Amino acid sequence: MSQKLLDVENLTMKFGGLVAIDNLSFSADKDKITSIIGPNGAGKTTVFNCLTGFYKATAGSMFLNKENERLNLRKFSDFKVAQKAGVARTFQNIRLFPQMSVLENLMVAQHNKLMDASGFTILGLFNSPSFIKEEKEAVEISKYWLDIIGLTHRADDDAGDLPYGDQRKLEIVRAMCINPHLLCLDEPAAGLNAKESAELNKLLLFIKNEKKTGILLIEHDMSVVMEISDHVVVLNYGKKIFQGSAKETKNSPEVIEAYLGTEE
Amino acid sequence: MEKKFLQTSIKDSLFTGLIALALFGPIVGLRTVAKNEVLEVHPKWFIVLIIVVVCAVGRFLTNLYVYNRDQKTGIQSSIGKSISNFLDTKGYQIALTAIIFSVIFPFLPFTDRYLMDIAIMMLTYIMLGWGLNIVIGLAGLLDLGYVAFYAVGAYSYALFAIHFGWSFWICLPIAGIFAAMFGVLLGFPVLRLRGDYLAIVTLAFGEMIRILLLNWYQLTKGPDGLTGIPRPSFFGLPFKSFPDEGEQTFHTFFGIEYDPMQRIIFLYYLILVLALITNLFTIKIRRLPIGRAWEALREDEIACKSLGVNPRNTKLTAFAIGAMFGGFAGSFFATRQAFISPESFTFIESAIIVAIVVLGGMGSQTGVVLATVFLIGLIEVFRDFESYRMIAFGGAMVLIMIFRPRGILATRKPTITLEKSSS
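Going down the list, the protein sequences come from chains A and B.
For the first sequence, position 199 matches number 199 in the numbering used here, and the numbering has no gaps at all.
For the second sequence, position 8 matches number 8 in the numbering used here, and the numbering has no gaps at all.
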């Protein structure tokens, strides 16, 4: 068996007396899609916030295994998780830069690379050739992703003017522009119609198969979860109640109980 | 429907008149005059009546033509749209014309000492507006204490020039660096603050600097101010009517008559160049990764963090660079006035600069110029009306906000476009 990309061990997050995540352990594979599902308030987004450094976990460990190093994500604070460890995320309510153009959104995602190339702005001020070259490459990368989601013709429009479904897709490829090892998607299918959901599935499978990026997915839309997940983790009240393949999950009595309640 | 609308707007305007009466009745209507050691009340009901009628009728008209959504040909949509179309499409031409005009301005036939002074003052405000535009317009950090950096620049220039006798061109960068350091100093404690909270802290910071200048008597001479700040020289050639023995001055070197206007014209070009440098720098840095990160930070800080953008460094650079230009403008101010005191750096200065940036359209460079010319020009035009000029100032702001709620020039051009970069 290949080494897991992400190992979460005994993760606990408490807000005062409230235990949002209780001793949670799971793992995610490199070129697999791992879904985290559960009823509202089960602690799914909190897991993401701990992983991506927005919250400081109370206890436990989260290891990201790259080719030759093992990083403890708990050691990184907010922006460093994306910058140093290469964990990208999207948000439940879309967080684009609405008044900046689509292309600019993707360029901001490549900020750290460009910042180095611009010699902390000083070389950039004098149009150094190395910076111009790096910027051109960044535009090419942006264009590559825009071609994939079919938004190249709107590259210079404000991101806030895009239709909802396109904004979702743009947010995902913007996260991909930081060249992440692990992509965390928080309800990417929320508010999408059937056709847009299908396109989303295609995009996620492309990222998984072609880019070999591990995907961690929070989702309520079961059609998305069942169709593309390789592995499902079910949370309820901050505890893991089940894990297995999509098919096993569908038939698991514990999961049905958590969602629908017990028969009595 | 039509009739009902008319009814509600009449009701609304009568109510407005009532409020105006309640406000202006006591403020304007009752005037106390000291006569024979007794205070007498001199009522001025006629003026109150005029004000109330103006308020009520004005409200009625705006109801009919501005806020009336059914009426598509309302003033706002027609005039507002044509102005905005003109400004949005012709931004580049406006900028070019303004630059050419400002270069030939000192030599136009009607230009006199008074106009030159106003032009220099406007350019100082334009430069400050451009500097603050980096902080407010691009990075979205509402800084109400910008005048502090102006003061730091002015005082550091003055102190270095007086005590060490260094020339303007050495003191200028030093003053800029000092101001930038104070920018970082302000930046650190406010890193986590946003919006209203940030505004309050920056406001306090501006006051702190002023009070510090007022009380640190040994260094700043407190309320007496610093006098005898050296005037700038034209690359080593001073502007003097009676040169010392063997000293070369501007007019002897060029073999022309001495004229006090020579120095004014030199100061004018100095601030013009400084302001244009600020502008070019801002235009350039907006297109660099740091500039894009500033704007992204203004749009959504959490999204920035999720993309690995360091919010601390990004904010601090915005504060530091904005402050640096404030410092440059401050040292120009000091050398022009030859005298500075804390009086010159009160909160109202910050407020005017913020007003210029906001009214110009956040982040718009040309907008800053238009707003400055409009606001400062208006204050000057109304100079003879004394206290009424602040009413004109306020009225102008209200008008801009009615017709251009997002500022005079509100459109934003992307910093990079696919068409251009792929061709």
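Rather than coming from a laboratory, the hints here were simulated on the basis of the structure.
Just so it is clear, the structure is predicted and the values come from calculations on it, not from any experiment.
Yeah, the Cβ is synthetic: ideal placement off N, Cα and C, and Gly gets one too.
Accuracy of the hints is not assured; some may be wrong.
Just so you have them, the derived chain A footprint on chain B, three or more residues with Cβ under 8 Å [said to hold, decoys possible]:
1) 249-261
2) 284-293
3) 296-308
Hints and how they fare:
no.: 1; hint: 249-261; result: violated (count 0)
no.: 2; hint: 284-293; result: holds (count 7)
no.: 3; hint: 296-308; result: holds (count 10)
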